[in-house]
Every structure is written in structure tokens, then in C-alpha cells.
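Position chain C relative to chain A; hints supplied.
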Amino acid sequence: MFETFLSGIVISALIGLATGWVRYWMGFFVLFQGVIASLLIVWLIGKYRKHGSPVPSPSNRTALMAALGWLITFWVAQIYGLGLAQPWFDPFGYFGRILQGDAKEMAFGIKAIAGWARGFGGGFGGGFWVFLNVLDSAIMYLFLFRLPWPARAGNAPPEAGAGTTAENPTGGES
Amino acid sequence: MRLRVIRMFIFVAAAAGVIWGAVSWMFEGANDVKTAWAAIEAREYDQSIRLATRAIRFGRLDTEDLSSAFECRATASMRTDHLDHALEDLDRIVAMRSDYAGGYFLRGEVRLRQMKFEQALADLNRGFEIADPSGKSESRFLARRYAQHGVAKLGLKDVDGAMTDFNHSLELNPNAPETYYFRSFAFERQKQLPQALADMEKAVKIYDSNIFALPHADWLYRLQQLRERAKPQ
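So the sequences go chain by chain: A and C.
Sequential numbering from 1 applies to the first sequence in our numbering.
Sequential numbering from 175 applies to the second sequence in our numbering.
For reference, chain A alone in the conformation it holds in the complex (with noise of 0.2 Å):
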């Protein structure tokens, strides 16, 4: 279990770079980063435990820590990534103007008015940033959370035919 927690680790240093140079060339995609972002990190780690020996699922509080050290280590690695990709490293100073709303990010991303979806973009600081950020974070801390351990016995799917008979075919008590 600790060799995929430290396998995560790295590979959300790798992603975490990749997006923060990405992020600084083209902006910051709401949702879609995090998502994209957080199942790539979930699919290298399985792509990585498949070499290696298979590994118990964990208590919730172990998969919630190391879901949050990932993450982590992917916010850090990304503000480095930006950090290489600006002409002169100083990528505090960017994210720090643009949290004091001195400076603005340009975001894009998708939103529901009244069942109407729309693409927005523009640039954004401040309390909003920190908002869309906050909700980018958070969704990828649901996957980073759920998806790269192996199911455990509660939530398992049921196999094929187990507790249905023809009566109840949904094996509800009924």
C-alpha cells in the first residue's frame, strides 16, 4: 500500500508539472483540469500496480490521507510547472497578485443557467479564483479519493445472478 502511495507521489509530481506549464501558456480550465488531471494520475498508478503485488483496499481515513498528500504534492508541483514555463521563475508572485486581485487568470470553463449550458472565459482574480480553484480542488480530491484502490467487500458489485431468483429479480427484500 505504501509503494502505490509513494508511486502516486511521484506520478502527481509528473502531472502536477505538466499542467502548471500547460496552465500557464493557455489558462486555467475549470473542472476540466482537475478532471482531466486527476484521472490520468489514477490511471498510472493502476498502470503501475499492475507490475507490482496486488494491494488491500484501505480503511476510508488512509485513502483520505493519501488522496490529500497527492494532491498536494500536485498543487506544488504544479506551481512549479508554471514557475518554468513564465520567462522569470516566480510563480508566487504570479498566483499571489492575482489572490490579492492586482492581477487576473484567464479561465474557461462551462456553467448552467437556469438548464442552459454555456462556455465562459475571461480573467479572473481574487475571491471568485480562489472559488473555482477551491472546486477544481475538490473534485479531484472525490477521484483521487475513490478511484485508485481496489473496491472493498461493501462496495463491491454483486456478481452475475448472486441473490436474485426469478421472483426478485433485483434480490431486494421484498
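Quick caveat, the hints were computed from the structure, so don't treat them as lab data.
Check before you lean on any hint, since a few could be wrong.
20 Å max Cα-Cα, derived EDC-like pairs, lysine to aspartate or glutamate [as the list claims (entries may be wrong)]:
no., chain 1, residue 1, chain 2, residue 2
1, A, Lys104, C, Asp273
2, A, Lys104, C, Glu218
3, C, Lys208, C, Glu218
4, A, Lys104, C, Glu215
Okay, now just chain C, sitting in the frame of chain A:
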């Protein structure tokens, strides 16, 4: 194991190549340069630096556009007080286009801000050799550069030379508040306080007539100081 490492290496190299190619294809360099200048106008210097850098790295620009991208980035760096970064870019412009006056003028301005007066004078002189070889140009754009030339001379304690530059600058553009402000220092050094006060009052008056101008507390403070000193004892 060895085969896996080689395979992985080829995969990473191919992925990096594809991403680089896609990014180069995606970004329109000349358009990025225009947007970067627009960001300067909007005082969004981080965006300006980002767009200009994107144009420089991926834009496949010709020499003129490349020089414009460097100039834009240098302007943004200068306005955010990253003078060393600005100088790096301006050195590139001067090396790339030695017959372009704008590169020398801007480098002179940056060196002036660094208080390197002799180097600033050398750059500004080179700019004038290209843009105004006879010294008879009536372009208003040169007014600002002549004023900076005067400030550099003032820094070198050549008050008479500075006064000549300020006067020439005001002939080209009589509505430049900064030039009156600088000339008031020259008058003050020559112990002509009434003229210094008159210039300072004119500078503040012109400056205040621009409704978009931010308050200039140091100018107002200087005006008040000059008024007190010019009062008959």
C-alpha cells in the same frame, strides 16, 4: 526491464514532441503580440508578459514582430519594477535591430530608472542619432525622450544642458506635465524659485485636467514646499 525503459523513454519523447507541435500550431504569434500590447494599455502586466512570452516561444515571428514582443515584455517588466528583466529583453532588441531607435530609447529609460545616468545618456543619444539625426524633428513622440535626456543630465549635474533639453521637449509638446515637473528641479538648482514654482503649478494644473490621472501626492507636496519657500520673508 531495459526494453520497458526504452519504450517509456520513446513514449515520453513522442508525447513531448506532439504537445510542443500542437502548442506551436495553436498559438498565433502576431495576434498574441497585439493582445499583449492591449494588456499593457489595460495595465494587466502579468498577462502582457505571459502573452508576449508565448509569442516569443511558440509564435514563429519575423524579426519585427519578435522585437515588438520583446519590447512589450520589457515595458511590462519596467512598469512592474523588474528593471533587470527589462534590460535583458532590451539588450536582445538592440542586438537584433541595431537601427531601431525605440530599443535604445527604452533601454535609456530603464537605465535612467536605475540611476545609471551616463549609460542612459549614451542610449538616448544613440536613439536620437537614428530618430532625429539633424535635431530638427517636430515629432511629439520625441518630447518625452528629450525630457528623459534632460533628467539624465540633471543627474550628472549638468543643469544648463538639462534646461536646454527641457525647453526643446516643451517646444515639441507644451502640454507634458512631467517635463514642467522636471524643469522645476532645474530652475530650483539655478536658485530661480519663482520659475520653479510656476513650472510646478503648471505641471499640477495640466495633470489635474486629466480626469483619469491618479492623485500625485508627491507633486502636491513639492508644490506646497515651493510655495512656502517662494514666500517673501
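Against the structure, the hints come out as follows:
1. A:Lys104 - C:Asp273: 36 Å, violated
2. A:Lys104 - C:Glu218: Roughly 8 Å between the alpha carbons, so the hint for Lys104 of chain A and Glu218 of chain C holds.
3. C:Lys208 - C:Glu218: Distance ~14 Å between Lys208 of chain C and Glu218 of chain C Cα, so the pair holds.
4. A:Lys104 - C:Glu215: Within the cut-off at roughly 15 Å; holds.
Of the hints listed earlier, the one the structure fails to meet is number 1.
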